[in-house]
Amino acid sequence: MQVFLQLSVLMTRACHALQDKFQIEIMKTFFKTIGNLFRKPVTIPFPAVATYKPDDYRGLIVFDESLCIWCRRCETVCPPGAIVFSQNITDGKQTYHYSPYVCIYCQECVRTCPKQGCLTQSSEPGHPATKEKDVNNVWNKLFTDSLESRVAYAAEKKKQQAAAKANPPS
Amino acid sequence: MLEPLHFKFTTENEKIVKTEANVGYVHRGIEQACCSKFKFRQVSFVVGRVCGLCSISHTTCYSQVAEKLVKLDIPKRAKYLRMLVIELDRIHSHLLCLSHVAENSGFEALFMQTMRYREFSMELLEAVCGNRIQYDFSIVGGVSRDLRSDVAQSIIEKFKVFRPQLDELVEIYNSNWSLSLKNKGIGVLSRENAIRLNVVGPFARASGLEVDVRNETEDVLPWKEVGFEMITDTAGDVHARNMVRLREIYVSMKIIENIINGLPEGDLLVDTKAFPEGEAVNRIEAPRGELFYYAKGNKTQVLERLKIKAPTFSNIPAMVETFTNNEYASVPAIIGSYDPCLSCTSR
Chain X
1 MQVFLQLSVL MTRACHALQD KFQIEIMKTF FKTIGNLFRK PVTIPFPAVA
51 TYKPDDYRGL IVFDESLCIW CRRCETVCPP GAIVFSQNIT DGKQTYHYSP
101 YVCIYCQECV RTCPKQGCLT QSSEPGHPAT KEKDVNNVWN KLFTDSLESR
151 VAYAAEKKKQ QAAAKANPPS
Chain W
1001 MLEPLHFKFT TENEKIVKTE ANVGYVHRGI EQACCSKFKF RQVSFVVGRV
1051 CGLCSISHTT CYSQVAEKLV KLDIPKRAKY LRMLVIELDR IHSHLLCLSH
1101 VAENSGFEAL FMQTMRYREF SMELLEAVCG NRIQYDFSIV GGVSRDLRSD
1151 VAQSIIEKFK VFRPQLDELV EIYNSNWSLS LKNKGIGVLS RENAIRLNVV
1201 GPFARASGLE VDVRNETEDV LPWKEVGFEM ITDTAGDVHA RNMVRLREIY
1251 VSMKIIENII NGLPEGDLLV DTKAFPEGEA VNRIEAPRGE LFYYAKGNKT
1301 QVLERLKIKA PTFSNIPAMV ETFTNNEYAS VPAIIGSYDP CLSCTSR
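If you read the sequences in order, they're chains X and W. Going by the working numbering, the residue at position 115 of the first sequence is 115; the numbering climbs one at a time, nothing skipped. Numbering-wise, the working numbering comes out as the position in the second sequence, counting from 1, plus 1000.
These are computed hints drawn from the structure, not numbers from a lab. Quick caveat, the model's predicted, so the values are computed rather than measured. Any given hint could be a false lead.
Simulated crosslink set (EDC-like; lysine to aspartate or glutamate; CA at most 16 Å straight-line) [claimed, not checked]:
1. W:Lys1254 with W:Glu1126
2. X:Lys53 with W:Asp1150
3. W:Lys1224 with W:Glu1257
4. X:Lys53 with W:Glu1119
5. W:Lys1076 with W:Glu1119
6. W:Lys1037 with W:Glu1304
7. W:Lys1254 with W:Glu1225
8. W:Lys1299 with W:Glu1277
9. W:Lys1037 with X:Asp91
10. W:Lys1039 with X:Asp91
11. W:Lys1018 with W:Glu1321
12. X:Lys157 with X:Asp56
13. X:Lys159 with X:Asp56
14. W:Lys1184 with W:Glu1327
15. W:Lys1015 with W:Glu1304
16. W:Lys1068 with W:Glu1218
17. X:Lys53 with W:Glu1321
18. X:Lys53 with W:Glu1123
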C-alpha cells in the first residue's frame, strides 16, 4: 500500500514537472512571438537601401570606338543580335549600334573581340524598356536597315569600281 | 505554385479515383529555333532560357553534348567549376521546392522561413556567375568566368552560417506535428511502381530507387572524386521526398567544400575550329532528375537536330498514378512534392 502511495505521489510530481516544462515552452514561444512584433524585419527596405550586387556583376556592354578595327566579329557571335554595324553609303564609315534591351549580358562579344579593351562589360545593370522606341520592333527595323545599308554600300562600291574599269582615268 | 499544368480529377466523395494530366501550355519552339536560327555556339545561351531554375543544368548538358560533337576535351578546372555551380543551383532549387511543399500544406510561416534561408544561395550564385537567374556559365569549350578567391572564401563562410539554419529546417520538416498530418503517408509511390513508371530524381530516390546520373556517369564530370553520396529513403511519401531533398543539400554542401578545397589549376576555356559532326547524347543530374540531350551535326555552324528530354517529362505518368486513393485536399502538397517544372517539359 505504502509503495503504491509513494508511486502515485512520484507520478503526480512527474506529471506536474512535465506540465511545467510544457508551460515553460509555451511561455517561451509566447514571448518570442510578442518579441517578434517589435523586431526589425529581415527584408531589405529596397528603394531606400540598395540590394546585394557583386562588383563584377554582368551589366551593360561599353564600346570604345577609338580602338575598334571594324571586324564585326561581335555582331556575328552575339546570340540575341543586340549589336549591329551600319555603313554610310557615301564614305563607307561604319557606325556601332547596341540595344541594351535586347542584350542578355552573356559577355560573348567581349570574349571574341580581338582588340583588348574595345568592348568591355560594366557592372551597371540593364534597365527595363519603358518607351515605345526602346522595344523590339524599332530595334528589329534598325537591324534590318543596317544590314541593308551594308549591302547597298557594297553594291555602290562595285558599281563605282566597274565604272572606273570601263572608263580608266586618262 | 505557378506551373502551367492541368490535372483533371475524378473523385468519390473526397477520395481521388482517377487523374488525367494535360501539359503543353508553354510550348515555345526552342528546339526548332536551336536548329535553324542560332549557331551551335550560341545555342548554349538559348537552352539556358528553357528553365529558370535549372538553367545551369541545361547549359552544361548542351555544352557537353556539343563538345562531344566537336571532339573537345575540356580542362579539369572548368569541369570542377561546372560541378560547383550545378551543386549551388541544386541547393537553391531544393529549398524552393521545400518551401512550396510547406506553403501548399498550409504552413505559410515555414514557407517564409525557407525562402529567407534560401537567399544566401542566390547571392552566392550571383557572386560566382555575375547574374541571379540566367547564369550563362558553361559555354562550349569550358566556362565563362573564373572563381575568385574571395568569392570562394565567402561560400565557405556562408555555409558556416547556413548549416545550423538547415539543421533547424530539418527539425521542423521532420517533426512538426501539423506538417506531418499533410505529409506523412500522403502520396505514396511504392518501389515497384517507381521502377515500372520510370521515375527519376528525388521522386524516385524517396521510393528507395537508387537512380542518380551522378552515380552512373564518370565520363564527363568526375562526381565521385568530389565526394558524391547517394541519398535514398524508403517510405515514398511527401515526407520522404522532403527528407531526401534536405539530406541532398548536405551532400551538395560537402561537394562544394571539396571542390573549393581541391580546385585544380589550369585553363578555363579551350577553343576549336571544328564544326559539329555526327550524333551524340549526354545525361546530367538536374535538381529534378535526369536531363537528357541528343544532338546531331552536319559539319555546318547550325545543328541538324537537338532533342531535350526534361526530368519532369519522365515523372508525369507516376504523378498521375500517385494521386489515386488520396484525399482531394492533399493534392496541393503532393504536387508541390513532385517539384514539377513544366516550362522545361513543354519548352
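Note to self: Going through the numbered hints above, which ones does this structure break? Give me the numbers in ascending order.
What the structure shows: Hints 1, 5, 9, 10, 12, 13, 15 and 17 are the ones this structure does not satisfy, whereas the remaining hints hold.
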